[in-house]
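Position chain S relative to chain G; hints supplied.
Chains G and S, in that order, give the protein sequences.
Mind the numbering: the first sequence is residues 1 to 512 in the numbering used here, read in order.
Mind the numbering: the second sequence is residues 1 to 517 in the numbering used here, read in order.
Derived by calculation from the structure, the hints in this document are not laboratory data.
Since this is a predicted model, take the numbers as computed values, not measurements.
Do not take every clue at face value.
Unchecked claim - Distance condition first, Cα-Cα at most 25 Å in a straight line; then the derived BS3-like pairs of lysine-lysine: (1) G/432 to G/17; (2) S/372 to G/366; (3) G/366 to G/419; (4) G/432 to S/372; (5) G/419 to G/432; (6) G/366 to G/432.
Stated by the list, open to error - Computed, partial: chain S to chain G, Cβ under 8 Å: (7) 206; (8) 318; (9) 326; (10) 358; (11) 360; (12) 371; (13) 435; (14) 463; (15) 464; (16) 467; (17) 471.
Where is the CB? At the ideal position from N, CA and C, for every residue including glycine.
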Amino acid sequence: MLLIGIKRWSDKFGGTKAVRPAAISMLALVAFVASWALSSAPLASPDEQGRIASIWCAPISLNDSCRDRESSSEKGLTVGSPQYLPNHCYFRNSALPARCTFQEPYSQSTNVFSEGTFYLPGFQIIMNVLISSDGEASTLRMKLFNGLLFATLLAMVMLFAPSRIGKAAVAAVALVISPFSIWLITSINSSSWGIAGMATSWVFVPWIFEARRSNRQQDGIPSRMPLAIVAICGFLLSTTSRLDTLVMFVVVVVVFIVTESSVVRHRLSNWRTLAIGVPIGSILTIIVLRTIGERFQAVAELPENARQHQPELWIWITSWVTHFPQIFMDAFGVSGLGENDVRIPQSVWILALMTLGAGLLCSLTKMSSQQISSAAIVGFGFACILWFASREMDLYYVPGRYVMPLFPAIVGSVLYYSKSSVNLFGQPRLRKTAILLLGVINALSLYAVVERYVAGSSGGLRVIPIRLDEWWWQSLPIGPNAVVLVGSAAWPVFLVYAFRLLDVKSSIEERT
Amino acid sequence: MNWPQATEVPAGLDRVGGRVRNLVIAVVALAVTIVCWSLSSPPLSTPDENWHIANIWCARGPDESHCIEKNFATATARYNYAPPMCAHRNALQPARCATPSDTSTIGPLFSPDGNYPSTYRELMHQFIGSDGALSILRMKLFNGAVFVLILALLLYGTPPKVARSAVTALAVTLIPFSIWLITSINPSGWGISGVFGMWASVSALVHSRFGKSSEETQSRSQQAALIGVFLLSALLATQARRDVAAMAVVVVLVLIAEPSIRSWKRLFSGKPLIALATLILASISLVIKVLENSDFSFFGFRFPTEFRSLNPSGPTFNVWFTSWVTHFPAVFLDAFGNSGLGEGHEIVVSRLVVLIGVLVVGGVLFFASTVKSSGQLASLALLVFAFACILWFASLEFDLYNVPGRYVLPLLPVIVGTYVNYSRSPVQLFDVPNIRRITIGLLGVAHALGLYAVVERYSSGFSGGIRSIPIRFDEWWWDFMPVGPNGIVILGSIGWIVFLVYSLRVTEVRAALHGSV
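Just chain G, same shape as in the assembly (with noise of 0.2 Å):
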């Protein structure tokens, strides 16, 4: 069955030249995504301990995984002691290496996130069906079960999407996954579907519009399935996240939508059209800041005795304005990882947006006004991330991980919609270059996880010096120091192959 799938896969996507770099990036995606799902132990993510009682303490659960479950009525919560209490001796000590010894385990009942509220149940309920007796095996799954969701809908995406849409895609996570979202979409972290389904499935609007227009009909496996099972993968997995991230993926779809429809498309190139609706839009901004305004309290940057409630309207807006670019960086460990304890380099993020900013600057080269769809987003982000401060009452401590389902989206829409004849990923020698500094940022980083909780960060980079039956993950038969060779090589292989896939499935598209 495999092999006439993969038989009739080359025959309508890519000949039998794209099969093996196919095949070389999807184990080398596997192989990426399962490193990073082992590189941390239990309680790593934030808030990990309250997913833990979420997920052992789901609303509806197959395994005797919870005790003590009662609701309250005090902020409609429901309380719940997990039978799982994992090892938090390391917890936030970043010289602790996670098997170290401790007086007691963690006992506490956790509040629990009860339905109807910001996180919706679904997530917990597939968690919980992978529970078993060992807590950290069960764990174990669940980390490498949304690895692999992420990876099938990547490679979807790879390999049934129009090579465009798929470059597009593939470059937008090869310059921002690193190393944030992927150890996010590798934890147990709701949030882990939510930048899993964002990353992959803000695709399905622009590949639905461009079958349209190459009006593109395959026998046998039709070119629709695979782009109706990115796009309801990518609906469900932002729904069953959090509210906001369903909100996001709505908002993000209303964007391509309007961005591609052809009406718009001609009404965005007319000059005047956007020399009336950007000073309407900004008043109209104005007035909805001014009116929220009253929430906002400090800019933080000021000391304590010198903050000052509600400052005047434009200083916080310029404030906020020339700030929350920052809150993005997230994305590449500025703020560190962990509970903020594993300290990443501060190699990674200068390389990393390096990289980043030359594909942008590359794809700029020739602009679209449909580019303009990643300012709209962007300009949502800044929303999000004003409504987001109005809850923590601080501009400047708004995690990035809120906005990081937007990051992908909004760098894939550049790069999509871009006229340009040069990107990052296209030229040979720019594709080395970036495809190395890619992978120096990802081993890098995997390595300070790994080896953070495995024997304490050191600061610098050496053998980790432990056994095989001294870590957490002792049914495996590699070690950390393999964690990290393993996943450091998979990554650039796979971008290499998945370019070179890409390239096959363009110049056979081109020929048909």
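Below, chain S alone, put in the same frame as chain G:
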């Protein structure tokens, strides 16, 4: 893959007139920018300025007008100027705070055999008048004018490719820290101007000697301009700080050695061979000196006769070495105001400035990487040298993560410029019209934010946002000026953008005329 067409010379433009016109506009715009940066901050604003003021005022020893006392035993000097201290390191306090009651100040003295040669402070001493603040303004304007002169001569005298590389390097690395230092009384400003001028002039001379025959032939006036730049820059670099002098020497050696790196045939020809051999021997000596006296369990170096250790139970050699290798690029972020500006780094520069800086540098380097050449190894050599400098400074500061970026700022434009200069890419970042416009826009925004942050902090105190600075002409320290702080920000911002536009036009007009794009 089709590279986009580089910008062409506009039809009908008089060729010679176009060059001159663009050059004049670029120089005037830069001069306006420099003046605005000079006016952006009052006395005591740059790092260690109390040291420099004391040493400048007492450069010639005690006299009746400027220096009251010079005491080498206590390494202090008392001089006849009392800059207001109430705003010192307090970003919320405007500079025009209470007038000091004292008319004299005690400040620290440099050692005669220390890192700072005396020529700089003796020259600055010439500008001292009756008003201390105006005296400092004169010094700042003079230092800025020297930089403008160097750049004007370079734009006139260098071959198009080198000129383009020089302008590119300055455009992406100067804002905001370097330009703020250049227009200050901190000798590091001379260091940045001097090393850059030496690099550009030597690159031009090497390019003329070993470059393509299709390049324009340098006229005598252009050659004279280059030689003038080299001599002036050498004076600045050697008299700024002794470590900067060493940097300048290394830069020149690398540039002279570069042709021999590129061509095995030239490897055994006279001067490149000597330079290469000297460079290799010096590098090996430095590395041996550093390694032989350090115990790899410690973050430390054996320095004079005393062994200083940072971490007695420290890591192994490979851990501390790899820690430094993965961290040291962050030291250069100070060029974009990452650690803030001001004497105590109390001026918060918007993070957007840092992000734009890194993003644009990345774009420049990637475009220059499209077609690599072995000559770009010279840039790598300079980067390694910069790393060695950072190690050295860290040994003095005892802490890698607090090494001030300004110590290695002279090397940053040189590293970027060298990489671009030796690139064989058919098109560089600023050659593509759309990208040029976008990049100039981004750099303009970064510059405006940086200049605004400095001016606001010293005028009315830091607000955290952007606003029309609420201060009248007579309320800030340059109250004789016909423009206030808001005017300074606006003029400086416009000046920078105009400079970028026209300086790039100068290089492309010359390149198009001589077919060397």
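Tested hints:
1. G/432 to G/17: 21 Å, holds
2. S/372 to G/366: It holds: about 24 Å lies between the C-alpha atoms, which stays within 25 Å.
3. G/366 to G/419: 5 Å, holds
4. G/432 to S/372: 12 Å, holds
5. G/419 to G/432: Holds, at about 22 Å.
6. G/366 to G/432: 23 Å, holds
7. 206: At about 25 Å, which exceeds the 8 Å cut-off, the nearest Cβ of chain G leaves the hint on residue 206 of chain S violated.
8. 318: Constraint on residue 318 of chain S satisfied, holds at 6 Å.
9. 326: Check passed: Cβ of residue 326 of chain S comes within 4 Å of chain G, closer than 8 Å.
10. 358: 5 Å, holds
11. 360: 7 Å, holds
12. 371: OK, holds: residue 371 of chain S within 8 Å of chain G, min 7 Å.
13. 435: Since chain G brings a Cβ to about 5 Å from residue 435 of chain S, closer than 8 Å, the hint holds.
14. 463: 5 Å, holds
15. 464: Because about 3 Å separates residue 464 of chain S from the closest Cβ in chain G, which is inside the 8 Å limit, the hint holds.
16. 467: 6 Å, holds
17. 471: Residue 471 of chain S check fails; min Cβ-Cβ to chain G is 15 Å, beyond 8 Å.
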